[in-house]
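> Numbering follows the UniProt record's numbering, in which position 9 of the sequence shown is assigned residue number 9; successive positions increment by one, without gaps.
Hints in this document: simulated from the structure, not taken from any laboratory.
Even for Gly, the Cβ is constructed at its ideal location relative to N, Cα and C.
Some hints could be false.
Said to hold, decoys possible - Pairwise CB distance ranges, derived in the manner of DEER restraints:
#: 1; residue 1: Thr28; residue 2: Ile73; range: 25 to 31 Å
#: 2; residue 1: Ile73; residue 2: Asp51; range: 18 to 24 Å
#: 3; residue 1: Asp81; residue 2: Leu27; range: 24 to 30 Å
#: 4; residue 1: Asp82; residue 2: Thr28; range: 28 to 34 Å
To be verified - Derived lysine to any residue pairs resembling SDA-like cross-links, with alpha carbons at most 25 Å apart:
#: 5; residue 1: Lys29; residue 2: Cys49
#: 6; residue 1: Lys70; residue 2: Thr98
#: 7; residue 1: Lys70; residue 2: Thr94
#: 8; residue 1: Lys70; residue 2: Asn89
#: 9; residue 1: Lys108; residue 2: Leu87
#: 10; residue 1: Lys37; residue 2: Thr94
#: 11; residue 1: Lys37; residue 2: Lys108
#: 12; residue 1: Lys86; residue 2: Thr28
#: 13; residue 1: Lys59; residue 2: Val33
#: 14; residue 1: Lys70; residue 2: Cys49
#: 15; residue 1: Lys64; residue 2: Thr94
#: 16; residue 1: Lys59; residue 2: Leu90
#: 17; residue 1: Lys37; residue 2: Ser80
#: 18; residue 1: Lys29; residue 2: Ser47
#: 19; residue 1: Lys64; residue 2: Lys86
#: 20; residue 1: Lys108; residue 2: Thr94
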Amino acid sequence: VSDNSVHNNNNNVNDKQWVNIANNVCLTKACVVEAAKLLETIDDSISPCDDFFQYSCGKWIASKRLPEHKSIINRFSDLSDDLNDKLRNLIVNTNVETETREFIKNAKNYYDSCFNTS
């Protein structure tokens, strides 16, 4: 590790975190994964000087189709959909018998009540 780098063992993170202070570069697993997601959206066949929007979003736009139930999609709606899926999975897969957090139990019971048709 150089003088400009810091190694941080954060007990809340499974992997070691490396941050280059001189260049303000985060090399944690989460940072690298998010950077890769951003790189996947860039259309490097376009010069950013000619069309910055197409350059920065071109591959994302090309990879998306507008669902019939939506009038618009964007990165924020993608993030919202991902978050809703994660929350739905958390609630659906919760075992109220073993769950200790009361708010999760309440959410599970409320969610289940929507589907209780008997």
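> Take the hints in turn and mark each one as holding or not.
Hint by hint, here is what the structure shows:
no.	hint	verdict
1	Thr28 to Ile73: 25 to 31 Å	holds (29 Å)
2	Ile73 to Asp51: 18 to 24 Å	holds (20 Å)
3	Asp81 to Leu27: 24 to 30 Å	holds (29 Å)
4	Asp82 to Thr28: 28 to 34 Å	violated (20 Å)
5	Lys29 to Cys49	violated (31 Å)
6	Lys70 to Thr98	violated (38 Å)
7	Lys70 to Thr94	violated (29 Å)
8	Lys70 to Asn89	holds (22 Å)
9	Lys108 to Leu87	holds (10 Å)
10	Lys37 to Thr94	violated (29 Å)
11	Lys37 to Lys108	violated (31 Å)
12	Lys86 to Thr28	holds (22 Å)
13	Lys59 to Val33	holds (17 Å)
14	Lys70 to Cys49	violated (32 Å)
15	Lys64 to Thr94	violated (32 Å)
16	Lys59 to Leu90	violated (31 Å)
17	Lys37 to Ser80	holds (16 Å)
18	Lys29 to Ser47	violated (29 Å)
19	Lys64 to Lys86	holds (20 Å)
20	Lys108 to Thr94	holds (7 Å)
Checked against the numbered hints above, the structure violates hints 4, 5, 6, 7, 10, 11, 14, 15, 16 and 18; every other hint is satisfied.
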